[in-house]
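Chains A and B are the protein sequences, given in the same order.
Just so you know, the first sequence maps onto residues 0 to 251 in numbering that gives the first Met the number 0.
Just so you know, the second sequence maps onto residues 0 to 288 in numbering that gives the first Met the number 0.
There's no promise every hint is true.
[To be verified] DSSO-like, lysine-lysine: derived pairs with alpha carbons at most 30 Å apart:
no., chain 1, residue 1, chain 2, residue 2
1, A, 185, A, 232
2, A, 142, A, 116
3, A, 77, B, 105
4, A, 141, A, 116
5, B, 59, B, 44
6, A, 77, A, 116
7, A, 143, B, 193
8, B, 193, B, 105
9, B, 193, A, 109
10, A, 137, B, 193
11, B, 193, A, 77
12, A, 77, A, 109
13, B, 193, A, 116
14, A, 137, A, 185
15, A, 142, A, 77
16, A, 143, A, 116
17, B, 193, A, 142
18, A, 143, A, 109
19, A, 141, A, 185
20, A, 141, B, 193
21, B, 59, B, 138
22, A, 141, A, 109
23, A, 137, A, 116
[Said to hold, decoys possible] Derived coverage of chain B by chain A (criterion: at least 3 residues anywhere in the stretch with Cβ under 8 Å from a Cβ of chain A; other residues may be distant):
no., segment
24, 181 to 187
25, 212 to 224
Derived from the structure by calculation, the hints contain no laboratory data.
By construction, the Cβ of each residue, glycine as well, lies at the ideal position given by its N, Cα and C atoms.
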Amino acid sequence: MGVGIEVIDLNAWYGTNHTLQDINLHIPANHATALIGPSGCGKSTFVRCLNRMHETNPIARVTGTVRIGDLDIYNDAKPVEIRRRVGMVFQRPNPFPTMSIYDNVASGLKLNGYTNKRVLDGIVERSLINSALWDEVKDDLKKKSGASLSGGQQQRLCIARALAVDPEVLLMDEPASALDPISTAKIEDLIFQLKSQYTIVIVTHNMQQAARVAEKTGFFLNGRMVEFDSTHKIFTNPSDKRTEDYITGRFG
Amino acid sequence: MSVETFKFRSRLRALTDGAVTALAILATVLVVAPLVAIFGYLVFKGTNSLSMAFFTHVPKPPGEVGGGMANAILGSGILLAVASAIGVPIGIGGGIYLAEFGRGTKLANAVRFTADVLNGVPSIVMGLAIYSLIVVPQKHFSALSGGVALGIMMIPTVCRTSEEMLLMVPHAVREAALGLGVPNWRSVLSITVKTASPGIITGCMLAFARVAGETAPLIFTALGNQFWSSSLNQPIAALPLQIYVYAISPYDDWHRLAWAGALVLIVLIVLAVSLVRFVTSRGVLKGAS
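The task is simple: from the sequences and hints, build the whole structure.
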């Protein structure tokens, strides 16, 4: 089951660049939450702070508190433990090119030491079914490389890979921006199904996409969160003038 | 643009295209020609002296006909095994450090500079260095010292190609592993190195083929041997050494054996490289890059 995320006074820097300023919000469990805003507004940095990927960059720095469920991720646990509980799907599909489809999905478990073949088989099948890829690849699981799939299939493979380690939260950083409309629609359907089991945070440039998949939407601008509310309210009756300007296309 | 100018320009373009293509083909021929010429000449000169005896007998004393280089073939095998056991792990380890853990540090810059300088050290100097470091304290020539000399010569090539190949692995692949909660060291070993492994293997093969033909570092270390020896503590024969000794000898019979030796050396290197390629390319999946 998914868990809620509580963010308190989060600040982040790249070198001297203050990319996130005083972010406070509550992301509800088992819902999809969309983050919108112009390029460079800090939404990608924000999701990377939720699984401590931000600090893999040596010049990056973070202050503040992030609680995932009951866990204070910056004080109570190591980054690798957090990343197993908070899965991530990146903008460009990034399957491991030397691995088969099966090994790609099993990689998170295998690389953390799980070897029981029967258990792995079950998890791989379940993850691929959950990412709506099973029917397309079930005959070539161990024969084909993950890199041989189409872009949309690769992205669903990456989702399966993230699901296989059984996270509570799934972060998606513009997961459909490199895909064609049909593949995008499949990913959106998937998000719809997955949110019953996982808490989903999705960064998107596509406002229709945010409106289609998310119950809650946050609008970021220049490293600050301008507004966070139900998606319906953000898109029909935003409280802040800047949000209105952005969603009506006056800038960004 | 009038139709005439258009036609003229398109003819000009076709002409330029043809000229450049011809130049490229010429360059290719110039690159391949020396290799084909050398190999052809070797086959021409060497095959006559090749016989079963060449692969099964040790050299005969001057004046006696026949004899082979079996001991030198075995010796080269042992020397290269020792060299690879030293050069490959240290070289790959150094490459991993340079590309993954030490990026931007002073130590990494120092290591990279040292490797480049080591690559430029003349092989005879390497032989002399190992002579004074191993042969003199041990008070005798040995296969081990020869293998160490060749192994150290392999390190810079393996190290720098490994580094280059690891740096070519896309950042997205590393992020994918870290994002799954895989510890960094595990991600480096199981994902980055594995993704770069075809290139790393090419680097190892390059270094292997280079030292397989080295003669100078062996003169002061492995020394050479006219008899069977497979001991690491004894002087040992090696194909390049044997070829050198036979080629500068005054006997026609030995000259012919030297040609045969050179042919066998090249064929063995090609075989070894192809074998490694074949073995490591099995199990590569459809569509894997």
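Outcome of the hint check:
{"no.": "1", "hint": "A:185 x A:232", "in the structure": "holds, 26 Å"}
{"no.": "2", "hint": "A:142 x A:116", "in the structure": "holds, 17 Å"}
{"no.": "3", "hint": "A:77 x B:105", "in the structure": "holds, 28 Å"}
{"no.": "4", "hint": "A:141 x A:116", "in the structure": "holds, 13 Å"}
{"no.": "5", "hint": "B:59 x B:44", "in the structure": "holds, 20 Å"}
{"no.": "6", "hint": "A:77 x A:116", "in the structure": "holds, 28 Å"}
{"no.": "7", "hint": "A:143 x B:193", "in the structure": "holds, 17 Å"}
{"no.": "8", "hint": "B:193 x B:105", "in the structure": "holds, 27 Å"}
{"no.": "9", "hint": "B:193 x A:109", "in the structure": "holds, 15 Å"}
{"no.": "10", "hint": "A:137 x B:193", "in the structure": "holds, 25 Å"}
{"no.": "11", "hint": "B:193 x A:77", "in the structure": "holds, 26 Å"}
{"no.": "12", "hint": "A:77 x A:109", "in the structure": "holds, 19 Å"}
{"no.": "13", "hint": "B:193 x A:116", "in the structure": "holds, 22 Å"}
{"no.": "14", "hint": "A:137 x A:185", "in the structure": "holds, 18 Å"}
{"no.": "15", "hint": "A:142 x A:77", "in the structure": "violated, 36 Å"}
{"no.": "16", "hint": "A:143 x A:116", "in the structure": "holds, 19 Å"}
{"no.": "17", "hint": "B:193 x A:142", "in the structure": "holds, 18 Å"}
{"no.": "18", "hint": "A:143 x A:109", "in the structure": "holds, 18 Å"}
{"no.": "19", "hint": "A:141 x A:185", "in the structure": "holds, 24 Å"}
{"no.": "20", "hint": "A:141 x B:193", "in the structure": "holds, 17 Å"}
{"no.": "21", "hint": "B:59 x B:138", "in the structure": "holds, 28 Å"}
{"no.": "22", "hint": "A:141 x A:109", "in the structure": "holds, 15 Å"}
{"no.": "23", "hint": "A:137 x A:116", "in the structure": "holds, 17 Å"}
{"no.": "24", "hint": "181 to 187", "in the structure": "holds (count 4)"}
{"no.": "25", "hint": "212 to 224", "in the structure": "violated (count 0)"}
Comparing the model with each numbered hint stated earlier shows that hints 15, 25 do not hold.
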